[in-house]
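Undergrad: Work out the full structure: start from the sequences and follow the hints.
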Amino acid sequence: MRLLKLITYPNEILRKNCVDVIPNKHLQDIQKLIDKMFKTMRFYEGVGLSAPQIGVSFNVVVIDLQDGTTEPLSLINPKIIKFEGKTESLEECLSFPGIKCYVPRSSKIEVNFLDYNGLEKTLIANGLLSCVIQHELDHLSGKLFIDKASKL
1 MRLLKLITYP NEILRKNCVD VIPNKHLQDI QKLIDKMFKT MRFYEGVGLS APQIGVSFNV
61 VVIDLQDGTT EPLSLINPKI IKFEGKTESL EECLSFPGIK CYVPRSSKIE VNFLDYNGLE
121 KTLIANGLLS CVIQHELDHL SGKLFIDKAS KL
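Counted the way my numbering counts, the sequence shown spans residues 1 to 152.
If you are wondering where the hints come from, they were derived from the structure by calculation, not from laboratory data.
Some clues are possibly wrong.
Stated by the list, open to error - DEER-style ranges, computed between Cβ atoms:
#1 68 x 119: 32 to 40 angstroms
#2 19 x 90: 29 to 37 angstroms
#3 88 x 26: 22 to 30 angstroms
#4 79 x 2: 16 to 24 angstroms
#5 81 x 118: 26 to 34 angstroms
#6 128 x 82: 14 to 22 angstroms
Note that the coordinates shown come from a computational prediction; the quantities given were computed from them, not determined experimentally.
C-beta atoms are modelled at their ideal positions from N, C-alpha and C, and glycine is treated no differently.
TA: Spelled out as structure tokens, the structure:
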């Protein structure tokens, strides 16, 4: 399986809204995409990757903190339904090589999504996982971490 090409800023696809996946129609194709996204993300040593970052305008995200405490996640059509608390996260992005900045985020979130097999799931996330999910889901609506970055 070959790597996918990473899209970097200022490519305009990073500013577009993505569309939901119709699971009973596209699930096998999305599963293949997810497998390639995981391989690409790990090759570039990322912890999250959204579909627009590889030129695809679907609401699909993969996350692997690779910390031994969290299983890899694939989120199809994710929606954050609850935000709690505040934190500031030092973030980087595969679409902005070499750039790091502090971004205000919610410290705890609840997110609904379809998993790799198209099953509905709800996840409560806090800490790093919460920040990574928010970062990746921002990509799905054309928002970039530099838009929210601290002015410092």
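Undergrad: Against the structure shown, which of the earlier numbered hints fail to hold, in ascending order?
TA: The structure conflicts with hints 1, 3, 4, 5, although it agrees with all the remaining ones.
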